[in-house]
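A.B. asks: Chain E: place on chain A using the hints.
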Amino acid sequence: MNSIQLYQVLPNVFRQRTEIGGEIWRRDITFSKGQLYLVEAASGTGKSSLCSFLTGFRQDYQGSICFDGQDVSALNISQWSRLRRENLSLVWQELRLFPELTAYENVQIKNQLLHFKTRHEIEEWFSALGIADRMNTTVSRMSFGQQQRVALIRALVQPFDFLLCDEPVSHLDEANSNIIGEILMQEIRRQGAGAIFTSIGKHIDLPYNQTFAL
Amino acid sequence: MKLIWKLLRHHISPLQLTGFFFANLFGMYIVLLSVQFYQDVKPAFSREDGVIRPEYMTVSKRITSMGSFGQEHTATFSDEEVAQLESQSFCKSVGRFTASQYKVSCYLGIQGTSSFGTEMFFESVPDAYIDCDQSRWNFNPEQPLIPIILPRTYLAIYNFGFAQSQSLPKISEHVATMVDMTVRLRGKGIEETLPAKVVGFSSRLNTILVPETFITWSNQRYAPDSDTAPSRLLLEVYNPTDDTIVSYLQDHSLELEDNRLDAGKATYFLKLTSGIVIAVGLLISILSFFVLMLSIYLLVQKNTEKLRNLLLIGYTPIQVALPYQLLTIGMNLTVLFFVLICVWISRMCYSQMIWAMFPQIPEGEFFFTVCVGVAISVLVSLLNVLAIRNKIINIWKHKD
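Sequence order for the protein chains is A and E. Heads up: the first sequence runs through residues 8 to 221, numbered per the working numbering. Heads up: the second sequence runs through residues 2 to 401, numbered per the working numbering.
So that you can see chain A by itself, here it is in the shape it has in the complex:
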């Protein structure tokens, strides 16, 4: 997948609004593979909705979203599953980890789909992010900041053309944000992928190609 196009997309919840500001909704926008994008906006402007629309989790919008020119509303369940395994990776704002599993199991449950990364590579990321000692701790016993790092690692153990990160460092300090930025950039460059980051102000310092205000 080389591009994501948005044509006059507007969440249904905003339909009644007379004035739609920002640079995403009701616009024609193209996100290209290999580019970095930052979507900045205040809370309640639809950043998470955008991520949900792009991963097929929600369809409550008007307008159309296309992947390489194909309208995503025509995709069936198995096509979406394949996209989520091989083309699109997402770090959810609410993380969507499994609290009963350990940090490593949360990563492995995704990695075992395609066996994309080795255990060694995963352990290196845990070490780099300072949570190596928490690998075998159940996620329910970890802080939100630690969980955020686990969710980031989980997003990287798959092939992707686009990485979507919904407020990925909202609970992390600057040092950890920078480490995450390095790891993310390494993997994005290695895969030649594009990335869309959303932020309410605090964001990872990366060489974004374009910034949108929502």
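Since the hints were derived computationally from the structure, they do not count as laboratory data. Quick reminder that beta carbons are idealized off the backbone N, C-alpha and C, glycines included.
Going by beta-carbon spacing under 8 Å, a handful of chain E positions derived as facing chain A: (1) H11; (2) K307; (3) L313; (4) G315; (5) T317.
C.D. replies: Showing chain E alone in chain A's frame:
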């Protein structure tokens, strides 16, 4: 799969699954035991004679008190009466019973030793009415050996009356056909002894049958001048349940000898009883099916968020549904396994009783019951699998 199972097994209720297990166990047990019992007992009621085809009926004149004192001129059928019967619409053909007109004594023994003897008689019907190997059912005066078909009741009287009271061994039909018989025939100043062999048993013909060729030969030899008018007729009908048969027989003071109607009623009641029991078993099975579905639905409901998250990270609905589907299939197969063992044990308990009562019936098939059990399990598992799949698809579509 291991991680998925670890994740999704949360909220499994052992109590609910145990409830399903026993409910399904009882339901399936009742169904399969009824099927097996029906299979085992059915031949006792519906087994064909083996030597006389089912559409044949034995007809005789009604014996009255007056007739017993010789005031009614005859109990035999004249040619006109036979012709009249043959002309009836329900009648396909009429065969005449021909009785021996001379004295017959029979002696039994094994390996040449004679054990006991009795006076008796022979009758024959046309060979075409006998459904028996024709090579065994003939008589050749050059090499005389008389094939005999005995009423099955004779064997029952021996086994359950005589043998039981005298502590003698019971004999099967097969053993009976190996017994040496000697027949002494006397008439017209001639007395001869001929060997005989039992070749079969009949439940429907209450007479000692020999081939027609033998009766013709022996009547000519020992009683050439006697009257051979038949006292009984074998009626071949188009439809044994035809009402006109009964009214004709009543109008002409005739009666049927066999108990086919009784056997039919018994079979009907056997079917009815088995049907009711099977229905009760099926009802329990259906209820247990709903218990399992309810249990799985609750499990899926409680794990909805996890299932949704698995779908969002790239798992397909098939992969996500698989653990629950395997769980139900495993439960169904386990139940089937235990039910088949229970049915097998139950069958061993009741079969001794059945075969003591009906020694002539063949052993019923257990394989058929296994097939029914597998069919029910496969059907139920298929319904479970589809229901779970739909449930997961609904989660995908945010309907749950």
